[in-house]
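Going down the list, the protein sequences come from chains E and L.
Per this note's numbering: the first sequence = residues 4 to 326.
Per this note's numbering: the second sequence = residues 4 to 326.
Because the hints were derived from the structure by calculation, they are not lab data.
A quick note: this is a predicted structure, and the numbers were derived from the prediction, not measured.
Treat each hint with caution, since some may be false.
[Claimed, not checked] Sample of chain L residues lacking proximity to chain E, with all beta carbon distances greater than 10 Å (derived): (1) 147; (2) 267; (3) 275.
[Said to hold, decoys possible] Pair ranges (Cβ atoms, derived): (4) L/51 <-> E/283: 53 to 61 Å; (5) E/288 <-> L/227: 38 to 46 Å; (6) E/139 <-> L/207: 49 to 57 Å; (7) E/32 <-> L/281: 32 to 40 Å; (8) E/301 <-> L/51: 33 to 41 Å; (9) L/26 <-> E/117: 34 to 42 Å; (10) L/78 <-> E/117: 38 to 46 Å; (11) L/32 <-> E/144: 30 to 38 Å.
[What the hints assert, rightly or not] Taking lysine-lysine pairs in the PhoX-like style, the calculated list, with each CA pair at most 25 Å apart, reads: (12) L/207 <-> L/268; (13) E/150 <-> L/268; (14) L/77 <-> L/189; (15) L/268 <-> L/189; (16) L/207 <-> E/170; (17) E/5 <-> E/72.
Glycine included, each C-beta is placed from N, C-alpha and C at the ideal position.
Protein chains: 2
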Amino acid sequence: MKVLITGGAGFLGQLLADRLLKRGFLINRLGISEPISELILLDLVPANDFRDSRVRVCTGNIADSVSIKQLLSKEVTSIFHLAAIVSGQAEQDFDLGMAINLDASRYLLDSCRTLGHIPKVIFTSSVAVYGGNLPEVVLDSTALNPKSSYGSQKAMAELLLNDYSRKGYVDGRVLRLPTITVRPGKANQAASSFVSGIIREPIKGMQSICPVHTSLRVWVSSPDRAVESFIHGHDLSTSEISDSRTINLPGVSVTVAEMMSALEKVSGSQVVKHISVEPNEMIERIVQSWPGAWDDTRAKNLGFKGDTSFNEIIQNYITANLI
Amino acid sequence: MKVLITGGAGFLGQLLADRLLKRGFLINRLGISEPISELILLDLVPANDFRDSRVRVCTGNIADSVSIKQLLSKEVTSIFHLAAIVSGQAEQDFDLGMAINLDASRYLLDSCRTLGHIPKVIFTSSVAVYGGNLPEVVLDSTALNPKSSYGSQKAMAELLLNDYSRKGYVDGRVLRLPTITVRPGKANQAASSFVSGIIREPIKGMQSICPVHTSLRVWVSSPDRAVESFIHGHDLSTSEISDSRTINLPGVSVTVAEMMSALEKVSGSQVVKHISVEPNEMIERIVQSWPGAWDDTRAKNLGFKGDTSFNEIIQNYITANLI
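Whenever a hint applies, use it, and build me the whole structure from the sequences.
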C-alpha cells in the first residue's frame with residue numbers, strides 16, 4: 004500500500020513517518036496487515052526522507068487541488084491528513100485558515116471520492132472545537148461551540164469527514180487531540196505553543212513566557228502517545244467506529260501551575276525560574292475556551308492509550324531529546 | 004433599510020415577506036425601529052410581488068457569487084437567508100446540497116464581510132443537525148451528530164454564521180426550526196414532507212402516504228410561529244445572543260399516531276382513512292435520526308413563542324386555507 008501524510012514535514016508528520024517506517028505495515032480495510040510500499044510526505048517544505056527508499060518527498064500546497072489530484076491514486080489507500088494552519092495563525096489570517104483547514108480538507112476528500120477507492124483517512128482535530136460554557140469534564144455528547152476560527156474550521160472539517168464516510172466516499176476517522184506537549188524545536192503560532200514552551204525553553208536554560216494565568220487547566224498528550232493513536236486509529240476496523248467517526252483521544256488533565264511543579268520536581272527549582280507569567284489577552288481568551296479535560300472512556304475502550312502523568316511526559320521528553 | 008430574503012419565492016419566504024410588508028419595520032442594530040424601504044425577494048423563480056412598491060423581485064441562483072454581490076449593498080442591513088436544498092434532495096444530490104447549503108451561505112457571508120457594514124443575518128437551520136444516540140429531550144448542550152448530508156451542511160453553515168459573527172463580519176442569528184407543518188401546496192423533496200402531507204392531502208379528500216411507523220415522534224411548528232420567530236430573532240439585540248448565536252426554536256412534540264388522532268378529532272374519521280402507512284427505508288432512516296423534542300427554555304426566555312398544541316396547528320391551517 005501507498006500511504007500519504009499531509010503536513011509530512013511537520014513535527015508530528017515526521018514522528019509518524021518514523022514510526023510507520025519502523026513498523027513497516029498498516030492494517031488495510033480488509034483487516035489484513037499490508038506492507039507500506041511507499042510513504043508520501045507532502046508539505047510546503049521538503050520533509051526528511053529518512054534515507055529510506057520507501058519515502059517520496061513532495062513539496063506542494065494542499066490547497067492546490069491540482070497537486071493533490073496528481074499525488075493521489077487508487078494505490079494510496081491510507082491518508083494521514085495532518086496539515087493545518089494552527090490556532091493563533093488562523094485567528095490572525097482568517098482566509099488562510101479557511102483555505103487550508105476547511106477547503107483543502109474538502110479537496111482531499113473530493114479527490115478520494117472521484118477515485119472511488121474508499122481510502123482510510125485519518126484526520127486530526129483538536130480541543131479547540133469545544134468552547135463556551137463547558138462542564139468540568141467534556142463528554143462525547145457535549146455540543147461543540149468553538150471560540151476561535153481554527154476550532155470552527157476543524158469542527159466543519161469533522162462534519163465533512165463524518166458525512167463523506169457515511170456516504171461511503173472515504174473511510175474516515177477523526178481523532179481529536181489534546182494539546183501536544185512537549186514539542187521540540189521552536190515556538191509556533193499555535194495559541195497553545197506555550198504549553199510546550201514553558202517546559203522546553205527552561206530545560207535549555209532559556210527564558211520562557213507563560214501567557215496565561217497558572218490556574219488554567221489544560222488537557223495534554225505527549226507526541227509519542229498521539230502518534231501511536233494515529234496508527235491505532237488507522238488500524239481500527241470500520242465496524243468499530245461506524246456510529247461516530249470522531250474520537251476524543253486520551254490525555255492528562257493538568258493546570259499550568261501543576262506543570263511548573265512537575266518541571267521543578269524533574270529538573271530543579273533553578274529551571275522553573277526561567278518562566279515568567281505575562282498574561283496575553285488574545286492567547287488566554289482562545290486557550291481558556293478549551294476543555295481542561297474530556298471523558299476518554301470511548302477511546303480507551305477502543306484500545307487507545309494515554310500518558311500516565313505529566314511527570315512522565317517531561318521525563319520522556321528529556322530522555323528522548325537530551326540524552 | 005433594505006431587506007433581502009433568499010428563498011423569497013418559497014413558502015416560508017413568501018409568508019415572511021407578507022408579514023414584513025404588513026409590519027413595515029424592523030429593529031436595526033442600534034435598537035431603533037426602522038421602516039423597510041425595499042424588500043428584495045431572491046429566488047430561482049420569480050416571487051409574488053404583493054403588488055407592493057417596496058418589493059423587488061429578483062431571479063437568480065444564490066450559488067452564483069456574482070449575482071449575490073450585485074444584489075447586496077451597504078443599505079441591505081437585514082438578510083433572511085432561507086434558501087436551501089431540502090433534506091431528501093440533498094441526500095440524493097450531494098454536490099447540489101453542498102453548493103447551496105454550504106457554499107452559497109459562505110459567499111453570502113463573505114460578500115457581507117467585504118462590504119463591511121455588519122448586517123443582521125438570520126439563518127434557518129433544522130432538527131436535522133442532530134442525530135445518533137439522542138436523549139429524549141435534546142438540550143442546547145447536546146452534541147450535533149447529523150445523519151444526513153442536509154444536516155451536516157446546515158451544521159457547517161451554523162459554524163460559519165457563529166464564527167463570522169464572532170469575528171464581527173456579520174451579526175448572525177441561527178434559528179433551528181422544528182419540522183414545519185402544515186405547509187400548503189404540494190409535497191416537496193424534504194424527507195419530512197409527509198409531516199404536512201398526512202394532514203393536508205386527507206383534508207382535501209386526497210390519499211396520502213405516511214412513509215414512517217406511526218410511533219415516530221416529531222418536533223413540529225406551524226409556519227406562522229416560525230415566521231414570527233424569524234422576525235423576533237432578527238429584532239433581538241446582539242447582546243442578548245452573543246454567547247451563542249444558535250437558538251433552538253419552540254415546538255410541539257407529537258407522534259405520528261397522535262397527529263392522526265388530532266386530525267380525526269378536528270376533521271372526522273373519514274378524513275384519516277385517506278392515510279396509508281407504507282414505511283420507506285431512506286425517509287425513515289433520516290427522519291428518525293432527528294430529535295422528537297428539544298428543550299426550548301432559552302428560546303422562550305428570549306421571547307420566542309411556540310404553538311400550544313397540534314390540534315391548534317391543524318385548526319389554524321384549516322381556518323387560514325379553507326375558509
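Structure-based check of each hint:
Not every C-beta of chain E lies more than 10 Å from that of residue 147 of chain L, the closest at about 7 Å, which undercuts listing it as non-interface. Every Cβ of chain E is farther than 10 Å from the Cβ of residue 267 of chain L; the closest lies at roughly 38 Å, confirming the non-interface assignment. At roughly 36 Å, the least C-beta separation between residue 275 of chain L and chain E is larger than 10 Å, which holds for a residue marked as non-interface. For residue 51 of chain L and residue 283 of chain E, the Cβ-Cβ distance of about 55 Å falls inside the hinted range of 53 to 61 Å, so the restraint holds.
Between residue 288 of chain E and residue 227 of chain L the beta carbons are some 41 Å apart, a value that agrees with the proposed interval 38 to 46 Å. For the pair residue 139 of chain E and residue 207 of chain L, the beta carbons lie near 55 Å from each other, so the given range of 49 to 57 Å is met. A C-beta distance of roughly 36 Å is found between residue 32 of chain E and residue 281 of chain L, which places it inside the suggested range of 32 to 40 Å. A hinted range of 33 to 41 Å is violated for the C-beta pair residue 301 of chain E and residue 51 of chain L, which are about 52 Å apart.
Checked against the hint of 34 to 42 Å, the C-beta distance between residue 26 of chain L and residue 117 of chain E comes to roughly 49 Å, which is inconsistent with it. Range check, residue 78 of chain L to residue 117 of chain E: Cβ separation about 43 Å, and the 38 to 46 Å hint holds. Between residue 32 of chain L and residue 144 of chain E the C-beta distance comes to about 35 Å, which sits within the given range of 30 to 38 Å. Among the hinted pairs, residue 207 of chain L with residue 268 of chain L is consistent with the structure: their alpha-carbon atoms are about 16 Å apart, no more than 25 Å.
Between residue 150 of chain E and residue 268 of chain L, the direct Cα distance comes to roughly 49 Å. Violation of the 25 Å bound is thereby established for this hinted pair. A C-alpha spacing of about 37 Å is found between residue 77 of chain L and residue 189 of chain L, which places the hinted pair above 25 Å, so the restraint is violated. At most 25 Å may separate the alpha-carbon atoms for a hinted pair to count; residue 268 of chain L and residue 189 of chain L meet this at roughly 24 Å. With a CA separation close to 38 Å, the supplied pair residue 207 of chain L and residue 170 of chain E exceeds the 25 Å bound.
With a C-alpha separation of about 15 Å, the suggested pair residue 5 of chain E and residue 72 of chain E falls inside the 25 Å cut-off, and the hint holds.
Checked against the numbered hints listed earlier, the structure breaks hints 1, 8, 9, 13, 14 and 16; every other hint is satisfied.
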